[in-house]
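Asks: Counting from 1, one number per residue, gives the positions in the sequence shown under full-length UniProt numbering.
Treat the hints with caution; some may be incorrect.
Restraint ranges, calculated between C-beta atoms of paired labels, are given here [what the hints assert, rightly or not]:
hint	residue 1	residue 2	range
1	A56	L147	37 to 45 Å
2	T216	R186	15 to 23 Å
3	Q146	K52	40 to 48 Å
4	A58	R171	30 to 38 Å
5	K151	K114	16 to 24 Å
6	H28	F4	33 to 41 Å
7	P62	R138	18 to 26 Å
8	I139	P20	32 to 40 Å
9	D48	A220	23 to 31 Å
10	R32	F222	27 to 35 Å
11	A220	S172	20 to 28 Å
12	R165	Y29	31 to 39 Å
Straight-line distance between alpha carbons at most 30 Å, and here's what the computed BS3-like set of lysine-lysine pairs gives [claimed, not checked]:
hint	residue 1	residue 2
13	K122	K151
14	K106	K125
15	K175	K70
16	K52	K21
These aren't lab readings, by the way, just hints derived from the structure by calculation.
From the three backbone atoms N, C-alpha and C, an ideal C-beta is built for every residue, glycine too.
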Amino acid sequence: MELFGLSVIMPVFNNARVLPKTLSALTHYLSREFANYELILVDDDSTDESPKILIAAASDNPNIRLLMHKHNQGQQQTIADGAFLAREEIILAVDADLPCALADLKEMAIMTRKGYEFVMGKRPKNLRRSWWRGVGSRIATMTFRQLYPFKISDFGCGIAAAHRRLIEERRSDAKPVRLLKLELLRLANTYIEIEIHPSENSSTASTSYSFAKLLTLFLALFFSRFR
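All chains should be built: construct the whole structure from the sequences, respecting the hints.
Replies: Spelled out as structure tokens, the structure:
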């Protein structure tokens with residue numbers, strides 16, 4: 001069991017179908033592997049049964065903290081709001097459909113604890129997903145690598161761990177969050193990208209991503225580069 005503290009941030013938007021299984025698996029794993037942990041669930045104004053599920057989970061588990069947005073603010077701000085509330089040394093973000101193996105989360109947390117300020121996941125190239133998500137992710141990464149000097153191969157992967165120092169430094173900046181991953185990369189003295197392994201839900205999990213959100217990502221990449 002790891003003795004350092006871990007804060008896990010999970011953004012939620014209309015994920016009611018997968019939440020019960022995700023919350024059960026994640027809380028059981030965290031309680032077994034970490035002596036001190038908190039799970040911060042941030043609901044981005046869901047219109048399905050997600051809020052009810054989250055409220056019930058938080059009432060049953062003292063390690064769960066809940067933040068409810070009254071208006072939809074987007075995934076980037078949702079993750080940031082959760083991270084800014086975190087109390088522990090290592091802060092890790094994971095999607096509500098839990099697309100990676102739980103052991104990968106522990107490995108990323110340990111690597112951050114041992115010295116890397118920012119540890120990012122990268123998905124295997126043969127991962128099964130909808131064609132437009134696969135193509136969109138590849139184009140986003142290519143665009144990112146053309147615009148920015150950071151050497152990463154999967155910009156679209158949302159699973160990452162950061163040291164508290166980075167989060168505190170970003171929180172001190174009053175500007176709205178556009179692309180948290182990029183903003184933390186700019187702040188980090190050391191970073192690394194590691195391959196994550198798909199969970200059993202990866203090929204069938206639902207997603208709240210849309211073409212509009214993908215377009216928003218591309219625009220944010222350009223505006224963040226030339227602002």
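Asks: It remains to establish, for every hint, whether it holds in the given structure.
Replies: Here is what the structure says about each hint:
| no. | hint | result |
| --- | --- | --- |
| 1 | A56 <-> L147: 37 to 45 Å | holds, 43 Å |
| 2 | T216 <-> R186: 15 to 23 Å | holds, 20 Å |
| 3 | Q146 <-> K52: 40 to 48 Å | holds, 44 Å |
| 4 | A58 <-> R171: 30 to 38 Å | violated, 23 Å |
| 5 | K151 <-> K114: 16 to 24 Å | holds, 20 Å |
| 6 | H28 <-> F4: 33 to 41 Å | violated, 19 Å |
| 7 | P62 <-> R138: 18 to 26 Å | violated, 42 Å |
| 8 | I139 <-> P20: 32 to 40 Å | holds, 34 Å |
| 9 | D48 <-> A220: 23 to 31 Å | holds, 26 Å |
| 10 | R32 <-> F222: 27 to 35 Å | violated, 43 Å |
| 11 | A220 <-> S172: 20 to 28 Å | holds, 21 Å |
| 12 | R165 <-> Y29: 31 to 39 Å | violated, 26 Å |
| 13 | K122 <-> K151 | holds, 12 Å |
| 14 | K106 <-> K125 | holds, 22 Å |
| 15 | K175 <-> K70 | holds, 20 Å |
| 16 | K52 <-> K21 | holds, 15 Å |
Violated hints, listed in ascending order, are 4, 6, 7, 10 and 12; each of the other numbered hints is respected by the structure.
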